[in-house]
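Novice: The residues making up each chain are set out below.
There are 2 protein chains.
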Amino acid sequence: MKIVVDAFGGDNSPVAVVDGALLALEKRKDIELVLTGDRAKLESLLNSKFERIEIVDAPDVITNDDQPTLAIRQKKDSSLVRAFDLLKEQDDIVGLVSAGNTGAVLTGAILKIGRIKGISRPALCAILPTLKEHGVMICDAGSNVDCKVEHLEHFAIMASAYYSAYNNIERPRIGLLNNGVEEHKGNELTKEAYHALKKLPINFVGNVEAREAMSGDVDVIVADGFDGNVLLKTTEGVAAGMSKMIKQEAKRNVFAMLGALFMGKFKNIKKKMDIDRYGGAPFLGCKKLVVKTHGSANKENFCNTILQVATLYERGLNQKIEELVGQISETMEKTDD
Amino acid sequence: MKIVVDAFGGDNSPVAVVDGALLALEKRKDIELVLTGDRAKLESLLNSKFERIEIVDAPDVITNDDQPTLAIRQKKDSSLVRAFDLLKEQDDIVGLVSAGNTGAVLTGAILKIGRIKGISRPALCAILPTLKEHGVMICDAGSNVDCKVEHLEHFAIMASAYYSAYNNIERPRIGLLNNGVEEHKGNELTKEAYHALKKLPINFVGNVEAREAMSGDVDVIVADGFDGNVLLKTTEGVAAGMSKMIKQEAKRNVFAMLGALFMGKFKNIKKKMDIDRYGGAPFLGCKKLVVKTHGSANKENFCNTILQVATLYERGLNQKIEELVGQISETMEKTDD
Chain A
1 MKIVVDAFGG
11 DNSPVAVVDG
21 ALLALEKRKD
31 IELVLTGDRA
41 KLESLLNSKF
51 ERIEIVDAPD
61 VITNDDQPTL
71 AIRQKKDSSL
81 VRAFDLLKEQ
91 DDIVGLVSAG
101 NTGAVLTGAI
111 LKIGRIKGIS
121 RPALCAILPT
131 LKEHGVMICD
141 AGSNVDCKVE
151 HLEHFAIMAS
161 AYYSAYNNIE
171 RPRIGLLNNG
181 VEEHKGNELT
191 KEAYHALKKL
201 PINFVGNVEA
211 REAMSGDVDV
221 IVADGFDGNV
231 LLKTTEGVAA
241 GMSKMIKQEA
251 KRNVFAMLGA
261 LFMGKFKNIK
271 KKMDIDRYGG
281 APFLGCKKLV
291 VKTHGSANKE
301 NFCNTILQVA
311 TLYERGLNQK
321 IEELVGQISE
331 TMEKTDD
Chain B
1 MKIVVDAFGG
11 DNSPVAVVDG
21 ALLALEKRKD
31 IELVLTGDRA
41 KLESLLNSKF
51 ERIEIVDAPD
61 VITNDDQPTL
71 AIRQKKDSSL
81 VRAFDLLKEQ
91 DDIVGLVSAG
101 NTGAVLTGAI
111 LKIGRIKGIS
121 RPALCAILPT
131 LKEHGVMICD
141 AGSNVDCKVE
151 HLEHFAIMAS
161 AYYSAYNNIE
171 RPRIGLLNNG
181 VEEHKGNELT
191 KEAYHALKKL
201 PINFVGNVEA
211 REAMSGDVDV
221 IVADGFDGNV
231 LLKTTEGVAA
241 GMSKMIKQEA
251 KRNVFAMLGA
261 LFMGKFKNIK
271 KKMDIDRYGG
281 APFLGCKKLV
291 VKTHGSANKE
301 NFCNTILQVA
311 TLYERGLNQK
321 IEELVGQISE
331 TMEKTDD
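From first to last, the protein sequence lines stand for chains A and B.
Oh and the first sequence: position 158 is 158 in this note's numbering, straight run, nothing missing.
Oh and the second sequence: position 150 is 150 in this note's numbering, straight run, nothing missing.
Heads up, some of the hints might be wrong.
Stated by the list, open to error - Derived DSS-like pairs: lysine-lysine, alpha-carbon spacing no greater than 30 angstroms straight-line:
#	chain 1	residue 1	chain 2	residue 2
1	A	Lys247	B	Lys247
2	A	Lys287	B	Lys247
3	A	Lys185	B	Lys247
4	B	Lys75	A	Lys244
5	B	Lys27	B	Lys247
6	B	Lys75	A	Lys185
7	B	Lys244	A	Lys148
By construction, these hints were calculated from the structure, which means they are not laboratory data.
The structure displayed is predicted, hence computed values, not measured ones.
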């Protein structure tokens, strides 16, 4: 199976992308990669290791300062737009990986690849660490604000299908982000969504307060993208803030410094709070697989994200989403009759 | 000045309430207190120390399991309802402190005391720790969902007036919780609110992402109560989760355990993350001062919350809010002409 990688997205590109690509090819012999970007640079980095790698020249780059829609429309020679064009045109390419401008990746996916039939809004997911072994997935994590109930229904089935496929869990537990656990709690959207999600063919476990996101008691948290974004970014901010406090404390006090050293600089905690180990953020609901990894992704992250796309493809994620959304539409039509 | 205290609200009542009341009276000689609750129990706890303390008998108690509106309407002999009745009826009582059922405190404040003229929805604030010395105030923290722009405007001026009065800062920095810092970012509500807040007589510093809440770069974060609640509860959840991870780590490994011991069990960090030191959560916009302290409040918390009410009263918080909301209404009427 063939995957296209935007080789000039992210802070560590193209070096980390090329290294990650080579690592992924080493780990799975059944995949082939297409890298888009400046051909000369990529060739010199690849250093003649061209087995199962193809380069497609794309001299331009979309940066984080670019306005997403304009960039996708105008920067036709950029590594990202070229990657999307290949994904669109070549039937044998099954997915795309990029660490570039998030808005541009989402816009490109919608404009170039399009939505799965029945899905009104594709959703960007983020995976957060929990106190248990598995992460919790936030869907939507910021790509869709001002959602309607129908959108949250789609987020729920897409995220359920993803979590099930990627983690090989039959019935992942799906919760709804709310300001209280009781059925009557919430704003207009979540009160209505609660009842809608209960009727879906998923394992809906009810409302979840943000305080419990990290408990690991649910696998997926469904939310309007504005709220999912607040949850995601607060988690990042507090984790970073507390790490900073621990460091400050260690500097202030020789005993504390010894303490921090003894604790191995909290390596295990750092590992636990490191969201990278869960792979990149999937943009669910597009006709082909699109996974965004973060701007500072390193070689291992690129490798894992490429393998993630391969896993999702072979487990038939998009077929599953299409099947589920079809079931919902049928039920709705019957109810409407 | 006289303050009424619900002596049977919170997990540690009435002991911590009585001890906190006595401590507050010791610290400020110009205040008098009224405690509501079971007279016999309170008298035995006070042990003849009745100077500047009055007891008003209230044999019933509102618990956390009570439905707020029903409880306020029906439990007329409860310590909380009696406290609100006194606050309403006696001109010389300037404010109320309770650690009881949050919903009941908010409902009681609205039904019994009423709103300041011009304020459409009073707002519950929460104060979160930051990396700097001062805390950041979230307004609204959960009492109002499905807000309109006008509500956010009122939250902004009330929180600005509070922060200024309580912390003696002339122009506190007010930010708007949003999913990006740029002016065009946001959902329908925040996009419009951005422009409205810019016109207010406050020090509006623009959009703030949840990631930056803990930075201490703003003093107040204005938000719809649903989003403010997600911010607040995510912060609590991640702080508790990371503390748990540190403890688990310390158990797993003898060196880590030594480390944790050397670090004085992170006392300073715990202190930093301890929101109690900033006082109770004010419910802004009611005709008289109402401050809710948390359910597990101890003696020091009750003392600090009582002193907080005294400070807010002598600095004329409610007059300031009334003045500001009057200014806005005038401006709006002029614009409407």
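Novice: So which hints don't hold here, by number, going up?
Specialist: 2, 3, 4, 5 and 7
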